[in-house]
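Please arrange chain B on chain A, whose structure you already have, making use of the hints.
Residue numbers (the numbering used here), protein chains in the order written: chain A, 16 to 127; chain B, 1410 to 1524.
I should point out that these hints are in silico values taken from the structure, not numbers from a laboratory.
Hints may contain errors.
Simulated crosslink set (DSSO-like; lysine-lysine; CA at most 27 Å straight-line) [unchecked claim]:
| id | chain 1 | residue 1 | chain 2 | residue 2 |
| --- | --- | --- | --- | --- |
| 1 | A | 82 | A | 57 |
| 2 | A | 71 | A | 17 |
| 3 | A | 17 | A | 82 |
| 4 | B | 1480 | B | 1466 |
| 5 | B | 1423 | B | 1466 |
| 6 | A | 17 | B | 1466 |
| 7 | B | 1418 | B | 1480 |
| 8 | B | 1418 | A | 82 |
| 9 | B | 1418 | A | 57 |
| 10 | B | 1418 | A | 71 |
| 11 | B | 1418 | B | 1466 |
| 12 | A | 71 | A | 82 |
| 13 | A | 57 | A | 71 |
| 14 | A | 71 | B | 1423 |
Covered, in the sense of this in silico footprint (three residues per stretch, anywhere, with C-beta under 8 Å from a C-beta of chain B), are these stretches of chain A [to be verified]:
| id | segment |
| --- | --- |
| 15 | 22-35 |
| 16 | 113-125 |
Cβ atoms here follow ideal geometry from the backbone N, Cα and C, with glycine treated the same way.
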Amino acid sequence: QKEVEQNSGPLSVPEGAIASLNCTYSDRGSQSFFWYRQYSGKSPELIMFIYSNGDKEDGRFTAQLNKASQYVSLLIRDSQPSDSATYLCAVIPIQGAQKLVFGQGTRLTINP
Amino acid sequence: NAGVTQTPKFQVLKTGQSMTLQCAQDMNHNSMYWYRQDPGMGLRLIYYSASEGTTDKGEVPNGYNVSRLNKREFSLRLESAAPSQTSVYFCASSEQPGLAKNIQYFGAGTRLSVL
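Extracted from the complex, chain A is given alone in its bound form:
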């Protein structure tokens, strides 16, 4: 089982709808969770991080963490074509707190 798993997609969402991206992780002791966005041919950039159970909102983005079920999700409200990118989930596993472990990424396409 991979440490961090994401559905590679592609995920296609109409403009203005809510895009929902999911990530599961295997290390139950994981403490910190990150969402990065990566446009084609560009480097990853941080969108959000979350440490505590529950929701964290930042503009149109909401990160949700459920440690009991070992998943973290990213919701994008009012999706825009500019949100079309690959979204990478990353986790700091408690045993390797010096490094991030990335999922393979979900490719999201917002259709006008």
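Then chain B, alone, in the frame of chain A:
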């Protein structure tokens, strides 16, 4: 501030050639990382340096060496390039390892082809 700067941006090598990828950060970060990204594989950690003077292997270290030259610079060397090392390489840095301050900032990447 430039953030994390990688050179070169593109490189083509022949099998068996060697090269060094350079990375420098100007954010006074303690930790630096080298990743490779292949289609459908996400980012895989090659080596990292939690602080100046230390380096550790990541998930895929074989065929690579690193040098933490000083706090700012962290280089990745391919001693004898192989076609399997064709990839996009990203350097990243963070304030320090650990739970709260391991937000990593990435360079623009080096696209390497080994023929």
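Checked hints:
| no. | hint | result |
| --- | --- | --- |
| 1 | A/82 - A/57 | violated (31 Å) |
| 2 | A/71 - A/17 | holds (26 Å) |
| 3 | A/17 - A/82 | holds (17 Å) |
| 4 | B/1480 - B/1466 | holds (18 Å) |
| 5 | B/1423 - B/1466 | holds (25 Å) |
| 6 | A/17 - B/1466 | holds (19 Å) |
| 7 | B/1418 - B/1480 | holds (22 Å) |
| 8 | B/1418 - A/82 | violated (39 Å) |
| 9 | B/1418 - A/57 | holds (11 Å) |
| 10 | B/1418 - A/71 | violated (36 Å) |
| 11 | B/1418 - B/1466 | holds (24 Å) |
| 12 | A/71 - A/82 | holds (14 Å) |
| 13 | A/57 - A/71 | holds (26 Å) |
| 14 | A/71 - B/1423 | violated (48 Å) |
| 15 | 22-35 | violated (count 1) |
| 16 | 113-125 | holds (count 8) |
Checked against the numbered hints given earlier, this structure breaks hints 1, 8, 10, 14 and 15; the rest are met.
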